[in-house]
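Could you put the whole structure together from the sequences, leaning on the hints where they help?
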Amino acid sequence: MSEQLIQQLVNGLLIGFLYSLIAIGLTMIWGVMNIINFAHGDFLMLSMFISFWLYTLYGLDPIFSIPICTGLLFLLGLLIYKYLVSKVMTGPALAQLVVTFGVSIFIANAAVLLWTPDFKMIEKPLLTGTWSFGTIQLSIPKAVASAGSVLVSLALFLFLRKSKTGKAILATEMNRNSALLMGVNTDRVNALSFAIGSALVGIAGAFLSMYYYIYPGVGGTFGLISFCIVALGGFGSIEGAFIAGILIGIVQTLGGYFFDPAYKYAIVFALYLVTVWIRPQGLLGW
Amino acid sequence: MRGERGRGLLFVLTVLLSLSMASAGVAADKVIKIGAVYPLTGNIASTGLDCRRGVELAVDIINGKYPDLNLPLAKDAGLPNLGGAKIEIVFADTKGEPRNGQAEAERLVTQEKVVAMIGAYQSSVTKTASQATERLKIPYVCSDSSSPALTERDLKYFFRVSPHDAIFVRDQFNFLRDLEKARNVKFHTIAALYENTEFGSNVGKQILKVAPEYGYRVVADISYAANATDVTSEVGRLIKASPDVLMHASYITDAILFTKTFKEMGFNPQGITTFAGYIEPGYLPAVKGDGNYFVIRSTFALDLAKRKPLVAKVNELFKKKYGIDMSENAARSFTAPFVLADAMNRAKTTEAEAVVKALLATDIPGDQVLYPWIGIKFDPQSHQNIYAQGTLVQIQDQNYVTVWPFDSAAAPVIWPFPPWKSRK
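Chains as they are written, first to last, in this note's numbering: chain C, 1 to 286; chain A, 287 to 710.
Careful: at least some of the hints might be erroneous.
To be verified - Cut-off 27 Å, straight-line C-alpha distance, at most; resulting in silico cross-link-like pairs (BS3-like, lysine-lysine): (1) 594(A) with 124(C); (2) 710(A) with 124(C); (3) 124(C) with 546(A); (4) 707(A) with 124(C).
Just so you know, these hints were derived from the structure itself, not from any lab.
Written out as structure tokens, the structure is:
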């Protein structure tokens with residue numbers, strides 16, 4: 001196996017874990033509420049800007065902004081659910097579809113207005129540089145972000161399986177009416193899921209801000225790929241999204257390396273189409 | 287009561303209507319509307335806004351009196367042959383999408399009634415927008431798109447002031463050859479890396495075509511999507527191919543991402559020469575010192591002011607208006623309004639056929655343009671400015687410095703690039 005192949009596998013994993021974390025937030029909101037959060041990529045962008053401004057104004061390194069980004073995005077999710085999404089939950093399906101789309105357009109344009117479309121980067125993050133293992137280069141901020149993504153995914157998984165609230169969320173995801181009959185406060189579950197989904201993408205944004213450029217359109221491609229991951233993993237399946245994220249990261253880098261890089265996203269979306277063809281419910285969907 | 291109110295309303299409406307008609311009559315005489323399509327939101331909005339600044343300053347200069355500026359129409363207010371008519375630019379947002387370029391160009395002509403068009407920065411967008419204006423028989427002067435194909439279409443109404451990528455690519459190979467002679471080095475292998483839309487793929491095509499003429503072997507030919515979130519596989523291929531020199535045609539997001547990935551993965555060719563993205567005003571603030579040493583094709587750098595006082599004067603005005611220095615994009619977009627206004631002034635009308643005829647007779651001397659060109663004169667067939675040429679700048683200490691042609695260089699080029707590991 002050539003060194004470049006291992007290098008590409010490593011790179012695929014590094015981007016894959018991050019994709020997973022972004023997509024898990026999205027799939028959770030979908031699973032519980034049957035609402036596609038089109039503003040997911042914009043939430044990612046907001047979190048990156050929060051991290052950027054904490055660094056620029058207060059000198060706070062992005063690694064320490066993680067709790068703040070998470071908290072603020074949790075709050076944002078809660079507010080958007082309470083004042084927008086919950087209002088259309090009983091409305092027509094189209095309204096449910098359009099509401100987050102409107103939020104997305106609003107956030108993106110507000111960001112251009114507030115912060116200009118210029119590119120920003122966190123200049124000297126604490127975590128920087130690469131570890132070299134022979135000829136294999138491992139980016140330190142990406143490695144930390146990946147490890148963080150895995151830990152957060154694991155924590156979420158445990159929370160959903162072990163805690164009472166987590167079980168209530170899972171129950172609502174499986175069957176809203178039965179959960180309601182069992183005394184689950186599904187409105188509270190909705191709010192919590194939307195907030196947790198937003199908080200997860202907030203964590204991802206804080207990690208990403210350590211090494212990625214920041215501008216109002218940064219969420220675009222990430223958002224698109226996370227939709228693909230959610231569909232590939234199975235709508236609403238957290239384990240599915242986790243696996244599909246890694247899969248897509250690896251397919252993207254290896255596909256780009258062995259075939260033409262111009263087609264690496266085509267390969268990713270082809271993989272998605274094939275999966276849908278063979279298994280319409282996605283890898284782990286039911 | 288009701289009837290009275292109705293009559294009152296009618297009276298107000300009549301007054302308003304006659305007022306607006308009166309002002310429309312004046313406006314028709316005194317204002318020339320020119321459409322400008324630019325990516326004002328979306329992926330490269332920062333670039334579009336930069337272009338817009340250049341256009342706005344140009345219009346200020348044309349419409350106002352600037353006796354000490356040696357630019358076409360600067361000394362008079364407005365267009366003297368058209369009774370001092372003022373230029374008004376109607377901007378439209380393409381979001382960087384070719385389909386919007388076409389739709390917005392059509393809207394500007396049919397609804398806003400513009401008489402000419404400028405823009406659209408991205409070659410793919412300029413292509414569709416200029417197809418629309420060709421159909422609608424409206425003159426289009428482009429000074430900011432560089433795909434050679436744009437002036438190979440034999441369009442009647444489309445003109446390009448700025449150099450195109452075939453010229454730029456040849457410049458880069460000439461630079462390498464000059465470098466071989468001057469520094470007693472030898473290059474054998476080249477890698478071509480380019481984004482896969484109109485602009486990048488045309489540069490790629492030119493690199494593949496020209497490299498053998500100079501005796502260089504192309505060891506990697508890599509196209510990629512400019513909106514990629516991760517480019518490690520592209521850089522992996524480059525490392526494996528290990529070229530002496532990399533030529534990279536990018537927009538801005540990909541330029542930032544590649545710079546970071548080159549550093550992260552330790553890609554160290556002797557040098558990297560680039561197109562477009564690395565000279566965007568958003569690039570250096572994002573990558574800071576990591577941008578050092580990249581060589582970029584350019585038509586403009588502020589150090590030209592040393593030999594061209596006009597550059598310093600215009601930059602002073604720009605800085606006064608926007609608080610920042612003029613960038614290459616702003617300088618490029620700055621030129622089209624002058625060329626159009628000059629042609630309309632000579633034609634003494636804004637009627638399309640006459641303006642096209644005047645454009646074909648354009649002969650603006652080199653001392654009236656911001657760039658180190660001989661001047662502006664269009665080829666009668668392709669409508670490409672035959673006097674346009676490029677220069678190369680290098681980022682040294684986070685500044686753009688002219689390094690080629692060697693005889694007009696502000697500083698010697700730093701070559702080979704120091705490896706990433708040895709940089710501070």
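Here is what the structure says about each hint:
Pair hint residue 594(A) plus residue 124(C) does not hold up; C-alpha atoms about 38 Å apart against a cutoff of 27 Å. Using a Cα cut-off of 27 Å, the hinted pair residue 710(A) and residue 124(C) holds, with the two alpha carbons roughly 12 Å apart. Our distance criterion of 27 Å between C-alpha atoms is met by residue 124(C) and residue 546(A), whose separation comes to about 13 Å. Distance restraint check for residue 707(A) and residue 124(C): the Cα-Cα separation of roughly 17 Å lies within the 27 Å cut-off, and the hinted pair is therefore satisfied.
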